[in-house]
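> As a plain string of letters, each chain reads:
There are 2 protein chains.
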Amino acid sequence: MSSRFIVIIAGGKGERFWPQSRAHRPKHLLPVVGTTPLLAQTLDRVRPLAPAKNIFVITSAAQAKGVAAVCKKFRLPAANIVAEPIGRDTAAAVGLAAALVGARDPRGVFAVLPADHVIHDTRAYAGDLRAAFAAAEAAPVMATIGITPTEPATGFGYIQRGKAWKKLGGRTVFQVRRFVEKPALAVAKKYLAAGDYVWNAGMFFWGVPVVEAALARHAPELHAGLAPVRAALAAGRPLAPVLKKIYPALPKISVDYALLEKSDNVVVLPSTFDWDDVGAWPAVVKHCAPDAHGNVTRGHALVEQGRGNLVFAEGGHLVAVLGADDLIVVHTPDATLVCPKGRAQDIKALLKRVEAAQDGARWL
Amino acid sequence: MSSRFIVIIAGGKGERFWPQSRAHRPKHLLPVVGTTPLLAQTLDRVRPLAPAKNIFVITSAAQAKGVAAVCKKFRLPAANIVAEPIGRDTAAAVGLAAALVGARDPRGVFAVLPADHVIHDTRAYAGDLRAAFAAAEAAPVMATIGITPTEPATGFGYIQRGKAWKKLGGRTVFQVRRFVEKPALAVAKKYLAAGDYVWNAGMFFWGVPVVEAALARHAPELHAGLAPVRAALAAGRPLAPVLKKIYPALPKISVDYALLEKSDNVVVLPSTFDWDDVGAWPAVVKHCAPDAHGNVTRGHALVEQGRGNLVFAEGGHLVAVLGADDLIVVHTPDATLVCPKGRAQDIKALLKRVEAAQDGARWL
Chain A
369 MSSRFIVIIA
379 GGKGERFWPQ
389 SRAHRPKHLL
399 PVVGTTPLLA
409 QTLDRVRPLA
419 PAKNIFVITS
429 AAQAKGVAAV
439 CKKFRLPAAN
449 IVAEPIGRDT
459 AAAVGLAAAL
469 VGARDPRGVF
479 AVLPADHVIH
489 DTRAYAGDLR
499 AAFAAAEAAP
509 VMATIGITPT
519 EPATGFGYIQ
529 RGKAWKKLGG
539 RTVFQVRRFV
549 EKPALAVAKK
559 YLAAGDYVWN
569 AGMFFWGVPV
579 VEAALARHAP
589 ELHAGLAPVR
599 AALAAGRPLA
609 PVLKKIYPAL
619 PKISVDYALL
629 EKSDNVVVLP
639 STFDWDDVGA
649 WPAVVKHCAP
659 DAHGNVTRGH
669 ALVEQGRGNL
679 VFAEGGHLVA
689 VLGADDLIVV
699 HTPDATLVCP
709 KGRAQDIKAL
719 LKRVEAAQDG
729 ARWL
Chain B
369 MSSRFIVIIA
379 GGKGERFWPQ
389 SRAHRPKHLL
399 PVVGTTPLLA
409 QTLDRVRPLA
419 PAKNIFVITS
429 AAQAKGVAAV
439 CKKFRLPAAN
449 IVAEPIGRDT
459 AAAVGLAAAL
469 VGARDPRGVF
479 AVLPADHVIH
489 DTRAYAGDLR
499 AAFAAAEAAP
509 VMATIGITPT
519 EPATGFGYIQ
529 RGKAWKKLGG
539 RTVFQVRRFV
549 EKPALAVAKK
559 YLAAGDYVWN
569 AGMFFWGVPV
579 VEAALARHAP
589 ELHAGLAPVR
599 AALAAGRPLA
609 PVLKKIYPAL
619 PKISVDYALL
629 EKSDNVVVLP
639 STFDWDDVGA
649 WPAVVKHCAP
659 DAHGNVTRGH
669 ALVEQGRGNL
679 VFAEGGHLVA
689 VLGADDLIVV
699 HTPDATLVCP
709 KGRAQDIKAL
719 LKRVEAAQDG
729 ARWL
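The listed protein sequences correspond, in order, to chains A and B. Position one of the first sequence corresponds to residue 369 (my numbering), numbered consecutively onward. Position one of the second sequence corresponds to residue 369 (my numbering), numbered consecutively onward.
Hints in this document: simulated from the structure, not taken from any laboratory. Be aware that a few hints might be false.
If chains are identical, the list can't say which one is meant, so a pair holds when it fits in one copy or spans any two.
Under the rule of at most 25 Å between Cα atoms (straight-line distance), these lysine to any residue pairs were calculated in the SDA-like manner [what the hints assert, rightly or not]:
{"no.": "1", "residue 1": "K381", "residue 2": "E672"}
{"no.": "2", "residue 1": "K720", "residue 2": "R666"}
{"no.": "3", "residue 1": "K709", "residue 2": "H661"}
{"no.": "4", "residue 1": "K720", "residue 2": "G662"}
{"no.": "5", "residue 1": "K630", "residue 2": "F641"}
Model the full assembly from the supplied sequences, consistent with the hints where possible.
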């Protein structure tokens with residue numbers, strides 16, 4: 369039987385949780401929700417599913433140090449933490465993952481999982497992952513876990529399921545009818561009402577041969593571009609110089625576009641666990657215990673005559689909010705954000721202003 | 369001819385400009401408006417009116433160090449900076465001032481002036497002060513400068529003038545008909561429309577004999593309580609131990625109640641200079657040059673998609689406001705305030721919360 373592997377994709381720019389998140393300290397390295405970094409929470413969740421030697425983390429050069437620090441507690445072999453020298457979107461990362469897993473077990477089955485989602489029901493999560501692994505082991509398919517939607521979200525792509533494909537451990541896995549991009553609200557409402565759509569959360573399960581074959585067929589340039597990686601791994605040569613050399617020339621494309629949408633062997637398991645991608649500051653509130661006035665505070669933070677605020681302070685600094693409602697105030701030692709909850713999605717515009725300020729990069 | 373003296377009352381709790389102002393660093397020690405502390409601006413304005421040796425500053429023990437630092441540039445003799453060991457309101461300070469001036473010149477005429485007002489037209493200010501001094505030198509009166517009102521303010525007491533008393537240097541000084549306390553808005557509107565009311569800004573001009581006689585008559589307990597001060601000054605003994613001993617027992621009363629309202633020899637000169645007591649953060653905006661969106665910023669402060677904000681940052685810290693209007697955001701190295709402009713008057717409630725917080729005094 370083939371071994372099970374987990375590959376956690378820990379990238380991301382760290383913009384939406386500025387000023388806590390920075391280029392070198394993105395969301396998955398922060399305890400945005402809970403008390404440990406989201407990457408640590410992800411590693412905790414997957415621990416029952418594979419031994420540490422079978423768990424990989426793919427990250428970026430800027431974040432490698434922070435990722436290694438988080439992984440230390442989980443005793444991942446150093447070789448299992450791989451830094452991409454520059455970002456080339458998810459298809460390249462999946463190709464790299466297939467090469468890494470394939471070098472250990474050419475018939476290995478691996479999960480690709482994001483590092484920065486918030487999931488509280490770890491038991492249901494482990495059960496769903498086991499069913500998805502079983503699907504990928506039962507046939508040469510690309511299995512996905514689709515998140516059962518709870519609202520007509522416009523920030524995610526959707527997957528429409530088709531007919532039932534297989535029952536595995538009491539769970540029904542469905543054929544995938546189609547992938548659809550982030551919809552308008554009216555369309556999202558229809559999807560929710562229809563009942564056969566799930567959110568695409570970037571959770572994939574597949575065997576190395578399936579991924580290699582799909583890359584060779586649908587993304588031949590990427591597949592060929594990664595050949596030196598496979599060769600270096602086979603020869604036991606260091607990976608970093610090879611990645612540095614080949615990455616700039618790799619096509620920059622998402623795995624959804626490059627493989628999933630072009631393949632007819634995709635199946636989907638609707639999730640049974642709670643899930644939140646915690647896309648920006650206002651989403652954090654859902655996971656925190658507010659006080660009697662709906663305020664969520666951390667550190668030396670005070671709200672007087674105000675409701676529904678999120679106020680975080682670091683170190684010995686006091687942040688005092690007076691007479692304001694529904695504000696986000698996040699203080700860090702070198703930068704503070706003040707923003708109404710309803711405007712947090714515009715943070716990229718703010719960060720462009722910061723970047724344009726004199727010597728502004730120091731705050732990014 | 370008697371000499372002219374200036375006594376600047378530099379007290380105040382420093383609450384309304386928190387977190388920039390603190391117990392040991394009240395408003396008059398801050399450049400709330402302009403680039404130098406308000407006390408320095410006051411000293412600058414009175415410089416043409418009296419030599420440094422004739423200028424006194426009465427302050428509190430907590431602020432004495434900061435006051436001395438500001439006064440250094442103005443070469444005030446050390447003995448001219450006098451710290452009250454505890455606050456006993458303005459009547460005690462005026463009694464102390466009379467003792468200090470009287471020890472230099474028993475017939476001296478002195479002005480009592482607040483340290484923390486903002487006045488830009490220094491030429492008109494000096495002219496008005498000279499006319500008020502002339503009034504106090506012309507007769508045994510208590511002369512005041514009343515601020516010509518520009519709006520129906522409810523935060524100040526008013527002085528109703530009576531008949532013209534004297535022409536001095538082309539200016540008409542009026543008899544005072546009555547002092548009235550902070551009025552309701554409707555009443556303030558009537559005062560403004562009537563045209564014979566001015567704001568009481570705590571600017572008094574009088575001779576030592578006038579003040580001593582009024583104290584002896586209307587505030588005999590206070591006058592007697594200050595006898596050891598007069599004795600120490602006459603004997604050239606150090607003042608601090610005497611003040612420490614007698615101050616706790618002095619009656620706590622304002623000079624308006626204790627003397628002005630009870631006297632029938634009060635005259636008033638309506639002001640010709642601009643004036644603002646800058647009572648709280650929103651008032652600062654009037655004195656700053658806003659950007660095209662009405663935002664006033666200091667230090668590393670940015671506003672993206674917002675209007676009418678006041679954003680101050682200290683040190684290398686960045687304060688970034690996104691999508692918010694009419695907020696006050698004041699960052700200092702150990703505390704930050706976030707408050708809608710319209711709620712700044714509630715800052716005392718906030719500071720009570722701060723005081724109640726664990727180890728909260730460190731931020732006060």
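> Decide, hint by hint, whether the structure agrees.
Okay, the hints, checked on the actual structure:
In this assembly of identical chains, K381 and E672 lie within 25 Å of each other by CA distance solely across copies; the values are 20 Å between and 34 Å within a copy. Proximity of K720 to R666 under the C-alpha cut-off of 25 Å is restricted to the inter-copy arrangement: shortest distance 20 Å between copies versus 27 Å within a copy. In this assembly of identical chains, K709 and H661 lie within 25 Å of each other by CA distance both inside one copy and across copies; the values are 16 Å within and 21 Å between. For the identical chains of this complex, K720 and G662 are inter-copy neighbours only, at 21 Å across copies versus 31 Å inside a copy, given an alpha-carbon limit of 25 Å.
In this assembly of identical chains, the alpha carbons of K630 and F641 never lie at most 25 Å apart, being 28 Å within a copy and 79 Å across copies at closest.
Hint 5 from the earlier list is the only one contradicted by this structure; the remaining hints agree with it.
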